Amino acid sequence: MKSVIKNETAYSRRRFLKTLGGGVVVVFCLGELSFSSLFAQDSQLLEELDFNAYLRVKEDGRVDCFTGKIEMGQGIITSLAQVVAEELEVSIYDIDMIMGDTELCPYDAGTWGSLTTRFTDPVLRAAAAEAREVLLDLAAEHFGSNKTSLEVIQGVVVDKNDSSKKIAYAELTKGKKIVRSLTKKPELKKAKDFKLIGKPIRSLDAEAKVTGKAKYSGDIILPGMVHATIVRPEVFGSKKIKVDASKLSDFAGVQLVEKDNLIAVVHSDPEVSKQAANSIQVTWDAPVAKANQETIFQYLEDTIQDNKVFEKEGNLQLGKEVSTIYREATYHDGYKAHASIETHVATCYFEGDKITIWASTQSPFGTRSSVAKALQMPLEKVHIKQIFLGGGFGGKSNSQQSIEAATIAKLCGKPVQLVWSRKEEFMYDNFRTAAVVKVAGGTDSKGKLKVWDFDIYCAGTRGTELFYAIPNKRIRTFNQADVHPFGTGAWRAPGNNTTTFARESHVDIVAHAAGINPLDFRLNNLENKEMIATLQLAAKTFGYDKEKKPGYGYGIALGQDAGTLVAMIAEVFVDKETGEVQPIRIVCSQDMGQVVNPHGATLQTEGGITMGIGYALYEEIEFNGGEMKTTNFNRYEITRFSKTPKIECVFIDKMDAKPQGGGEPAIICVGAAIANAIFDACGARVYRMPITPERILAALS
Amino acid sequence: MKQINFTLNGKPLSLEVKCQESLLTVIRTYLEQTGTKYGCGLGECGACTVLVDKEPVRSCMILSEDIEGKEIISIEGLSTEGELHPLQTAFISHDALQCGFCTSGMIMNAFGFLLQNPNPSREKIIVGMESNLCRCGAYNRIVDAIQTAGKEMLKKVKL
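Listed in order, the protein sequences are those of chains A and B. 3 is the number of the first residue of the first sequence in this note's numbering; add one for each residue after it. 4 is the number of the first residue of the second sequence in this note's numbering; add one for each residue after it.
Don't read these hints as lab results, they were simulated from the structure. This one's a predicted model, so the numbers in the text were calculated from it and none came from an experiment. All residues carry an ideal CB built from backbone N, CA and C; glycine is no exception. Treat the hints with care, since some could be wrong.
Stated by the list, open to error - List of simulated lysine-lysine pairs, BS3-like, C-alpha gap at most 27 angstroms:
| hint | chain 1 | residue 1 | chain 2 | residue 2 |
| --- | --- | --- | --- | --- |
| 1 | A | K276 | B | K21 |
| 2 | A | K416 | A | K383 |
| 3 | B | K127 | A | K648 |
| 4 | A | K176 | A | K60 |
| 5 | A | K276 | B | K5 |
| 6 | B | K21 | A | K249 |
| 7 | A | K60 | A | K179 |
| 8 | A | K645 | A | K548 |
| 9 | B | K14 | A | K215 |
| 10 | A | K416 | B | K21 |
| 11 | A | K215 | B | K57 |
| 12 | A | K217 | B | K14 |
| 13 | A | K578 | B | K127 |
| 14 | A | K645 | A | K550 |
| 15 | A | K201 | A | K187 |
| 16 | A | K645 | B | K154 |
| 17 | A | K194 | A | K660 |
| 18 | A | K645 | B | K127 |
| 19 | A | K425 | B | K21 |
| 20 | A | K551 | B | K127 |
| 21 | B | K73 | B | K57 |
| 22 | B | K154 | A | K215 |
| 23 | B | K158 | B | K127 |
| 24 | A | K276 | A | K217 |
| 25 | A | K383 | A | K412 |
| 26 | A | K241 | A | K276 |
| 27 | A | K187 | A | K162 |
| 28 | B | K73 | A | K215 |
Unchecked claim - Per the computed footprint, the stretches of chain B lying under chain A, defined by three or more beta-carbons under 8 angstroms from a beta-carbon of chain A, are:
| hint | region |
| --- | --- |
| 29 | 39–45 |
| 30 | 78–91 |
| 31 | 94–100 |
Between the sequences and the hints, there should be enough to build the whole structure, so can you do that?
If you want it as structure tokens, here you go:
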């Protein structure tokens, strides 16, 4: 894996330096420096990933910032510009973000895992700091002054001892081409000197988006372009046996495209393309259904035998014996869709033997590789362009639609646009997996947790390291390839939503059984000081001790994800007659280290909480084997205006610390915080998400 | 094929259509105004909302033959002479968006709603906007933005 990445890096750097105009350029690539030596950010991910940055101060004084990351609403188009502007001492509005273009930007594996702020951000800061030093050297030479007497104010270098000596970056870079590779750790600003980092900055792309000018992959219109419709089976994983396209002659100008299992029609009018595709009769060989949304949990438990021990300490039997309260429970979570409002889209054209693609993808470089492999083309013949994404949440990590569009374009010989319908989206989305978590936990007479046994089926171990001090514990994971009836994949904080739901529900159950309130119980069992502070901040902000009206309840959940600690407290109202839940208020406290853009972090937290209410209360894919019963939003309820509670986000103040993840962490606690609040409100303990009115009524009866 | 006449963003247009295509296809594909988005094709998400004779409608659910003589406004027609509409300004100042894909539909639905409900309460806005979906979770900010814009629009009328 490493060598592949190195090749891609070298290729993109060569290409970048070749196409470059004038100005001061800083190239930051690992290999010259080790990332951990620079930033001491511990992560096993560093073994596999590479972090690169290119920065150019142009001859007009504006700054191009090149990154392989993409913008999908998470706000890095703003926060990355913010750190570059900070170190370069220029206005944030003078920075142009060039993102996700495989010919202009440095290699990047993908925009996921809340990695950008943790890892790309420090690299760009370093590149910007280096560029500032180069510009200061040029200015010192220009004035014949000592560099130490110079300072930069909004892109203008000024001599502190002689105010007549000032020169703008634009003048310094004019007619020059200076390329600098970062070879030593540059001098980064200290938190006390920050002018931009830590300040709330509104989204820089908002105007483009409120005017309809922002371009998404389906907004690219190419001369002679045709719209493709793929003929899909009703059951996921079906193989085609026979195709009857005899009715296609009813549609003038339609072209049929067939390759292996792919059958598509193209036409310049998308509606004709759709109708023509509907006229094709395909006989499919469909796989036999093994489970539906009700039987899947037992199926997973029965089918998966292999397990791995993730964490183990002490003796479970001993822990059980010393426990005065011991509770066991099994938690279930159904499949969830990413349900971005933009479906998967790709628009592409061939020019000679080279293809250019605009695609809603979280991994432009991954898409380049996938398309090159599928069409047997060299990497340099595939160009993925910069484009906005209409949401991602992990669901746009694969490149299926790009491969399909590219294949069709090659076969039909025309520029192609492929927009998945919502129905296709609900079949080929890589869903968040259904999962089972079996938990046993016990506490002694003093309310100290003594034993914890946690078996996870299909949800992985992300975020499951115990932050409660428990002497006897075991965490195991059960997994098996191809056990799901359709594609599954990363869904905003993969697995962590499910396991946090199970852990924090169960901690609540044990606390209530011990007769201790869930806040005190958690504080009594935590050993991590940061987590204690995060929980205390949440409790204080929420006003946990304030009295509740009948029918209302409070619920707490703690979690960790992408280096960030989360404490959440939810207030809900439950109608005992109908089982309807109304989220009233959610407080989210996070320790995410240095908060680069508190406003952007707040948006991500609000977004995570709002999305999380959906998986907690409504979202569940209905299916029979590979046959999807859920095909549109009429059968897949996501959070709406009326179900959005009042949301308050607070952050632990740590401006000198390293920045941690912000896009995913908040969402992990929503399921458990809501579940625990529902119990507090009405006494219903529901072990399966989504926590629907029917399941609440069943738990009450 | 049938000739239809209508206006889009104040511009009179005459177009030959097949009748069964959606208004969304007319706007996005035939007229190349791509600010209006496809989200679900069933009128469930609201991303394709435009105004037809000042009423917010789901353009994916309207047949082209039914727009004869109608006055259509899409997101591209909201700002006048380069000046942003109060709703657009308020969406920016409240940062009432993330990925931006539902935003055109949100703004157009809000525009239609405010024309009929000047100076609405939060509760009324929530009811009026309930059928528009946002996966990024900007709802609370969208409500704030609509309240702010409603007040601005009233001021403009008074002037």
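Decide if the proposed pair is consistent with the structure: A/K578 and B/K127, CA atoms, cutoff 27 angstroms inclusive. holds, 26 angstroms
Within 27 angstroms, alpha carbon to alpha carbon, are A/K383 and A/K412? The given pair, whose Cα atoms are some 13 angstroms apart, holds under the 27 angstroms limit.
Between B/K127 and A/K648, is the straight-line Cα distance small enough, at 27 angstroms or below? Distance ~16 angstroms between B/K127 and A/K648 Cα, so the pair holds.
Given pair status - A/K215, B/K14, alpha carbons within 27 angstroms: Holds, at about 19 angstroms.
Can you confirm whether the C-alpha distance between A/K645 and A/K548 stays at or below 27 angstroms? The given pair, whose Cα atoms are some 23 angstroms apart, holds under the 27 angstroms limit.
Within a Cα-Cα threshold of 27 angstroms, do A/K215 and B/K57 meet the stated pairing? holds, 22 angstroms
Is the Cα-Cα distance between A/K551 and B/K127 27 angstroms or less? At roughly 25 angstroms apart (the allowed maximum being 27 angstroms), B/K127 and A/K551 satisfy the hint.
Compare the distance between the alpha carbons of B/K73 and A/K215 with 27 angstroms, and conclude whether the hinted pair is satisfied. holds, 24 angstroms
Between B/K154 and A/K215, does the CA-CA distance stay at or below 27 angstroms? holds, 26 angstroms
Straight-line alpha-carbon gap A/K416 to B/K21, limit 27 angstroms: holds, 24 angstroms
Within 27 angstroms, alpha carbon to alpha carbon, are A/K276 and A/K217? The given pair, whose Cα atoms are some 24 angstroms apart, holds under the 27 angstroms limit.
Is A/K187 close enough to A/K162, meaning Cα to Cα at most 27 angstroms? holds, 26 angstroms
Consistency note: the structure conflicts with none of the earlier hints.
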